[in-house]
Amino acid sequence: MMTTYERKQFLELVQQFRLATEANREALASKFASITQKQASEGFPIQPVLGFCMDEAGNKERGDAMFNYVLSRCDIVYWPMPSVESSLRKKAEVKQAAYRHAMVPVKVTKHIVMLCGTNPHDIDGIRSLFNLVATGEQYPIFVLSEPSRIMQALTQFA
Amino acid sequence: MNMDIPPQTLNDVYKTIAQRHETEPAKLPREKIEEDEFMAALAYNRGSPLIEPQDLSEDLIGMCRQSSRELDPKGMAEYRFVPLTIRGQTLLVISSCPWDPMMVEVISGYFPQCSQVRFALTSPQTLGQLLSQLQGEVSAPMAGYTSGKPAAPTRPLIPTAPPPPKAAAPAPKYAQPPKPAESLKPVPGAPGADAGSLSQDDVNYLMNLLLQEANKLLARKRMTRP
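Residue numbers (this note's numbering), protein chains in the order written: chain A, -11 to 146; chain B, 84 to 309.
No wet-lab data here; the hints were simulated from the structure.
A hint or two may mislead.
[Said to hold, decoys possible] Which chain B residues face chain A? A few, computed with CB under 8 Å, are given here:
#1 101
#2 103
#3 114
#4 116
#5 120
#6 126
#7 132
#8 139
#9 143
#10 148
#11 171
#12 195
#13 199
#14 295
[Stated by the list, open to error] The list that follows gives simulated cross-link-like pairs (lysine-lysine, DSSO-like), each with its CA atoms no further than 30 Å apart:
#15 B:299 / A:98
#16 B:157 / A:98
#17 B:98 / B:110
#18 A:98 / A:79
#19 A:79 / B:98
#20 B:98 / B:115
Yeah, the Cβ is synthetic: ideal placement off N, Cα and C, and Gly gets one too.
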C-alpha cells in the first residue's frame, strides 16, 4: 500500500502526464507497491514515487518534464548536489529513515538542518529525519533533487 | 553586516529568532545575535538553502563557473549573485540579497529561458569568497562590498513595496522568488486622459520611468562581456 504522501504525488503525476488510464491506474500503483516492498525486505533504499513515475514515463525527456513539473508546482528550492552529511553516514537509524523516505540530510550545523528529498508532500519524512538528526533547536530547510541523485547520495551511508 | 535587508524581512527574522529563544521579539538582545544564527533564521524564513564558507566545495564552484562563464564577474559582484545551475525552466542563484528587484531584473534579462528564479542564500562575505574563487584568486572579502548599495544610477528609482508579513510555522518554509519591481500605475496623459495638464508628480513619475528603463539597459550591457 502506498502511504498518503506517496499517493498524493502518484495521483498528481499519473493525472498530469496521463501515465495510466482509470483502468490500469491501480495496476500501476500495485506495481509500485510490489517494487518497494521487495526493496524494503532486501534492505535497499525505497524508490521514490517520483522516480517510479519518471521510469514509467517512457523516455528521458518525458521523465525530465515530470521532475520539472514537480519543481515548478512548488516553492521548494532545487538542490543540484545532494550528499549525506559526513558525520551521519555511519548512523544506522538515520540510514533507515533516509532509505524509507528517499531523503538525505545534506547539512547539519548548530543552527540549521537541511534535508533533500523528492516528494514535496512528504511531511512525515521531513519530520522523522529532522527529529533524528537535529541536535537542538535548529531550523529545518527542505530542498528538492532528482530521484537519481538522491538514490546516488543514499549509497554514501555505510 | 550590511545586507540592505527590507525592514519587514528583518522583523520577521528577529521574530523567528525570538521564537526559537522563547522570548518576545522586543526583548531579544539583537546585538548579541551571531551572524550564523541570523543567516540561518533568514534562510529558514525564505525556505532557501544556506551557503556557508564550508559549503564552497569544488563541485559547487565548478557548477557556478559553468553557469556564469558568460557573465562579467564585476557585474555579479555589483548585483551580488552567482548563478549555480539551471534545471528545466528554473534557475538557481546564490545571492546575498535575493530581495533586490533590480538584481532579479538583471538575472531575468540574462536568462530569459528561465521562467523561475530560486535562491540559495549566502552572506556578503561568503559571496565575496565565492566570486574570488571563481576568478581563481585567493579568498578575500569583496573590496567595499559591505559599504552599502551600489552607485545610485544603477538602482531603481521607484521604490518597491515590502513583502507581506509571514507567520512563523514549525514546518520548513518554502521560498517564493522575490517579486519584480512593483507594477506601474497607468500613465497620465494616455489616450483619453487630460494630456494638457501634467502635474509635477506626473513629470517626476515619467522621469523615473525613463531612468529605470535606462538603468535596465545599462545593467544588461554591464552583465555582458565585451
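Each hint tested on the structure:
For residue 101 of chain B, the interface hint is violated, the least distance from its beta-carbon to any beta-carbon of chain A being 12 Å, above 8 Å. Because the beta carbon of residue 103 of chain B sits about 5 Å from the nearest beta carbon in chain A, less than 8 Å, this interface hint is met. This hint is violated: residue 114 of chain B has a C-beta 18 Å from the nearest C-beta of chain A, more than the 8 Å allowed. Among the interface hints, the one on residue 116 of chain B is violated; its C-beta lies about 11 Å from the nearest C-beta in chain A, farther than the 8 Å criterion.
The closest approach between the C-beta of residue 120 of chain B and any C-beta of chain A is roughly 5 Å, which is under the 8 Å cut-off, so the hint is satisfied. Interface restraint check: residue 126 of chain B against chain A, minimum CB-CB distance 6 Å, threshold 8 Å, status holds. Satisfaction of the interface hint for residue 132 of chain B is found here, the shortest Cβ-Cβ separation to chain A being roughly 5 Å, below the 8 Å cut-off. Below 8 Å, beta-carbon pairs count as interface contacts, and residue 139 of chain B has none with chain A, the closest being about 12 Å; its hint is therefore violated.
Interface restraint check for residue 143 of chain B: the shortest CB-CB distance to chain A comes to about 7 Å, inside 8 Å, so the restraint holds. For the restraint placing residue 148 of chain B at the interface with chain A, the shortest Cβ-Cβ distance is roughly 14 Å, beyond the 8 Å limit, so the hint is violated. Hint status for residue 171 of chain B relative to chain A: holds, with the closest Cβ pair at about 3 Å, below 8 Å. Proximity of residue 195 of chain B to chain A is violated relative to the hint, the smallest CB-CB distance being about 16 Å (cut-off 8 Å).
About 6 Å separates the beta-carbon of residue 199 of chain B from the nearest beta-carbon of chain A, less than 8 Å, and the hint is met. Using the Cβ-Cβ criterion of 8 Å, the hint placing residue 295 of chain B at the interface with chain A is not satisfied: the shortest such distance is roughly 28 Å. Of the supplied pair hints, the one linking residue 299 of chain B and residue 98 of chain A is violated, its CA atoms being roughly 40 Å apart against a limit of 30 Å. For the suggested pair residue 157 of chain B and residue 98 of chain A, the alpha carbons sit about 33 Å apart, so the restraint of at most 30 Å is broken.
A C-alpha spacing of about 10 Å is found between residue 98 of chain B and residue 110 of chain B, which places the hinted pair at or below 30 Å, so the restraint holds. Note on residue 98 of chain A and residue 79 of chain A: the hinted pairing holds, with a Cα-Cα distance of about 19 Å set against a maximum of 30 Å. Restraint check: the Cα-Cα separation between residue 79 of chain A and residue 98 of chain B comes to about 34 Å, which exceeds 30 Å; the hinted pair is violated. Simply put, residue 98 of chain B and residue 115 of chain B have alpha-carbon atoms about 15 Å apart, close enough for the 30 Å limit, and the pair holds.
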